[in-house]
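Protein chains: 2
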Amino acid sequence: MPEIRRDPVSGRWTIVASTRTERPSDFASGKISKSKKNCPFCPGNEEQTPPEIYCVKSSKENAWRLRVVPNKYPALIPSLDAECLKSEGLYKRMEGIGNHEVIIETPDHFRQLHEMAEEDITEVFKCFVLRIREIKKDKKIKYIMIFKNYGRHAGASLAHPHSQLIAMPMVPMRVEGELDGAKTYFSQKNSCVFCDMIREEISFKKRIVEENDFFIAINPYASRFTFETWILPKKHLSHLENTQEDYLKNLAGVLKSTVKKINHSLGDTSYNILIHTMPAQEGASDFYHWHIEIMPKFSYMAGFEWGTGFYINTVAPERATEILNLGKIYDK
Amino acid sequence: MPEIRRDPVSGRWTIVASTRTERPSDFASGKISKSKKNCPFCPGNEEQTPPEIYCVKSSKENAWRLRVVPNKYPALIPSLDAECLKSEGLYKRMEGIGNHEVIIETPDHFRQLHEMAEEDITEVFKCFVLRIREIKKDKKIKYIMIFKNYGRHAGASLAHPHSQLIAMPMVPMRVEGELDGAKTYFSQKNSCVFCDMIREEISFKKRIVEENDFFIAINPYASRFTFETWILPKKHLSHLENTQEDYLKNLAGVLKSTVKKINHSLGDTSYNILIHTMPAQEGASDFYHWHIEIMPKFSYMAGFEWGTGFYINTVAPERATEILNLGKIYDK
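Here the protein sequences line up with chains C and W, keeping their order.
To convert a position in the first sequence, counted from 1, into the working numbering, add 1.
To convert a position in the second sequence, counted from 1, into the working numbering, add 1.
Keep in mind that a hint or two might mislead.
Below, simulated PhoX-like cross-link-like pairs (lysine-lysine); rule was C-alpha separation at most 25 Å, straight line [what the hints assert, rightly or not]:
#, chain 1, residue 1, chain 2, residue 2
1, C, Lys37, C, Lys61
2, W, Lys206, W, Lys235
3, C, Lys207, C, Lys235
4, C, Lys93, W, Lys184
5, C, Lys207, W, Lys93
6, C, Lys206, W, Lys87
7, C, Lys236, C, Lys127
8, W, Lys137, W, Lys73
9, C, Lys235, C, Lys261
10, W, Lys58, W, Lys257
11, C, Lys93, W, Lys235
12, W, Lys184, C, Lys184
13, C, Lys93, W, Lys190
14, C, Lys87, W, Lys207
15, W, Lys184, C, Lys87
16, W, Lys87, C, Lys207
17, W, Lys206, C, Lys93
18, W, Lys87, C, Lys184
19, C, Lys73, C, Lys138
20, W, Lys206, C, Lys87
21, C, Lys58, C, Lys37
22, W, Lys93, C, Lys190
23, C, Lys35, C, Lys73
24, W, Lys190, C, Lys87
25, W, Lys207, C, Lys93
26, W, Lys93, C, Lys184
27, W, Lys93, C, Lys206
28, W, Lys236, W, Lys206
29, C, Lys235, W, Lys93
30, C, Lys190, W, Lys87
Selected chain C positions facing chain W (in silico; Cβ < 7 Å) [said to hold, decoys possible]:
#, residue
31, Arg6
32, Gly12
33, Arg225
No lab work stands behind these hints: they were computed from the structure.
Even glycine gets a Cβ: it sits at the ideal position worked out from N, Cα and C.
Let the hints inform the model, and build the full structure from the sequences given.
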C-alpha cells in the first residue's frame, strides 16, 4: 500500500509508492520507446492493462475509440476503509487511498493530440466528465487531477496518446494556494479573478492564442514557462464536470488549434497539460473558474525555481503569442 | 531590464528576462560541454566573465582558489533606484532589481564537489557568508538564495564547478510557505520544528546519512525526490550568514561525505543543492532554522507534480538511507 507523508514544515504531501519502481525500464532511463511493438495501449494488447473501467466502442465490430484502465503502477489505490491520519512521532501520514487511471485517447499509436479529429477530442473530455462524476461519489475523494504528459521532458513513460487521472483524499497544497488567491481577490473586488483576466486579455489583445464564442486560449501575464498557455471557458464555471456537451465540442476545437500552433512553432516539444478544477466535494463557486494549463518543457528546471517557486522565463508572453499567431518557428 | 511579474491568482512571481536567451547554445539544447575548451570559468579565461566581485588568492603567484563574478546572463540587475510595484490593468509587476552572481568554486574544471579538499569547500561557504553580509546592506534586498545546479537534469549550463547567488527584492512564495509553517509549529509547540526533527531523527536512527558534533544529514520523512537529503546545523540558528567559521569547517566535512555517498550509490547523477535561510532583513528567529537541501534529479517532473505540488517518490527515505550507508549501488 502506498503511503502519503506530510512534511511537518511546509505541509506539503509526498506519495511514497515503492511499487512504481517496477515500471518498465523505458521509464527509468528517461527514454520513451516510440515503437508500437509491445505497446500496452495498442489494440490487440488489451490484456496487458488491468481490466477496463470504461470504454467507447467504435462503429467497427470489436473495435474501440477510447479506453479507461487503472494505472498498472498506481500512485494511489482504491480502498473501502476510511482514510485516517496517523502519527509517527513528529510526523503524519495517511494510507495511499485514491484512484489512478489512464485514459487511452485513441487506438492509433501515432496520432498526437493536435492530429486527432475534434469529435475524438470531445469524446476524451466527455470521458473526463463521466469519470469525475463517478469517482466523486466516494466522499473520501477530495480532489481529482487530470493531466497529460507528452514527451520525455514532460515525464511521459509511454508514447501512445493518453491522459491520467489521480483522485486523492486531500486537496493538494498548490491547489489550495490557487483557491485562496482567487477567494481573496473575490472578497476584495466582488468578481472572479479569472473572469477579470479574460476581460483584460480580450481588451489588451496581445496575449490571445485562440478564441471562439465559448473558450479563450492565452499566454498568461506571469507565464512561468516559455510559451505557457492557458485555456479558459469564457462563461464563469467552477467545475469541469458541470460543463455542457456543446461547450466540450468548442473546447476540443480551441485545444486542437492551440496545440497545433505550439507544435508548429516549437516542433515536437514535450508538454504537460493540467486541468485545474474545484475540489470534488465542494459546490459551485463564485470565485473559482476551471481552466487548462499547457506547459511546454524544453529546458530543465534549475535550483532557483525549486527553492523559491519563483520562475525565470526568457520569452515574454506577448512575444510568445506573436510567434504562435504568426506561425513563426521559435529557435530554441 | 528584466521585469518581475506577479500572477494575480496565486501570487507567484516570474522573472521575465529576455536577455537570458543570449546564453551560449550549449544551454539551449540542454547539453553541457564537459570540455575545458572555451570554459569561461577556467584560469586564463578570466576576461570572458564580467569583472570580478571577490577573489580568494592562491599561495601560488597570480593564481586564484575561488572567484565571484556577476552572472553574464543575469536574471536580475542591480539598480540604485528604489523598487516599486507597478500596475498594468489587473496585473502587477516590478523592475527586475537584484543581484545574480556566480561563485567559481575551484580553478580545476574537473574537480567536483565530493572531490574537493574540505578546506576548499570551507572557503566556498565562507565566501557565501561574506557575499550575503555585503549584499544585504542594500535594504531593497529581501531574500538571498544560494544554489548549485550540477548536471544536465538539474539545469546546469556549464560543467566547471560553480554555485549561484540570486538576491531579490521580495521573499518568494515557497520560502514564505516554509516560514509560515515553521511559525505555526512554534506557536503551537513553543519549539523549532527543525530542532524537533533533528531530535526525532537522532532517536529513530534510520534516516541519518552523516553526522558529526555540529551537523546532521538526513533523508527527510516526506522526501519529494528519490534520495533527497537535508543537512542541518544541530544548534538552532536561523541565518547562514551568522554561522561561525568552525561550524563551516564541520559543514564542509558533512557535505563532502554526503555528496560522496550519493555519487557512489547513484553514479554521476544530476542534483540541485539549495540553501534555505531567513529573509535577509529579518533578525534572528526562534522558529526558523537554516539548512541545505540536496535533490538528486534522475527522472523528469511530470504533470501531476506540477499541478498539485504533491510529489510521488518511489524510494522510501529509510530505504534511501540504507542504500547510501551500506555503500550499495542504486539501480536506476
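For Lys93(C) and Lys190(W), compute the direct alpha-carbon distance and say whether it is at most 25 Å. Measuring from Cα to Cα gives roughly 16 Å; hence the hint holds.
Restraint status (C-alpha distance of Lys58(C) to Lys37(C) at most 25 Å): Holds, at about 21 Å.
Proposed proximity, Lys207(W) with Lys87(C) (alpha carbon, max 25 Å): The hint holds at about 19 Å.
Decide if the proposed pair is consistent with the structure: Lys93(W) and Lys206(C), CA atoms, cutoff 25 Å inclusive. Holds. Lys93(W) to Lys206(C) sits at ~18 Å (cutoff 25 Å).
Assess, step by step, whether the Cα of Lys207(W) is no farther than 25 Å from the Cα of Lys93(C), and give holds or violated. holds (17 Å)
Would you check the hint for Lys93(C) and Lys235(W), treating anything up to 25 Å between C-alpha atoms as holding? Distance of about 23 Å is within 25 Å: holds.
25 Å limit on alpha-carbon distance, applied to hinted pair Lys58(W) and Lys257(W): Roughly 22 Å separates the two Cα atoms, so the pair holds.
Agreement of Lys207(C) and Lys93(W) with the hint, judged by alpha carbon distance not exceeding 25 Å: Status holds; Cα separation ~17 Å.
Given the hint that Lys73(C) pairs with Lys138(C), does the C-alpha gap stay at or below 25 Å? holds (23 Å)
Has the given pair, Lys35(C) with Lys73(C), been kept, meaning a C-alpha gap of at most 25 Å? holds (19 Å)
Below or equal to 25 Å on CA atoms is what counts here, so check Lys137(W) against Lys73(W). Holds: Lys137(W) and Lys73(W) sit about 21 Å apart, inside 25 Å.
Return the status of the interface hint for Arg6(C): holds when the least beta-carbon distance to chain W is below 7 Å, violated otherwise. holds (4 Å)
Consistency with the previously given hints is maintained throughout, with no hint failing.
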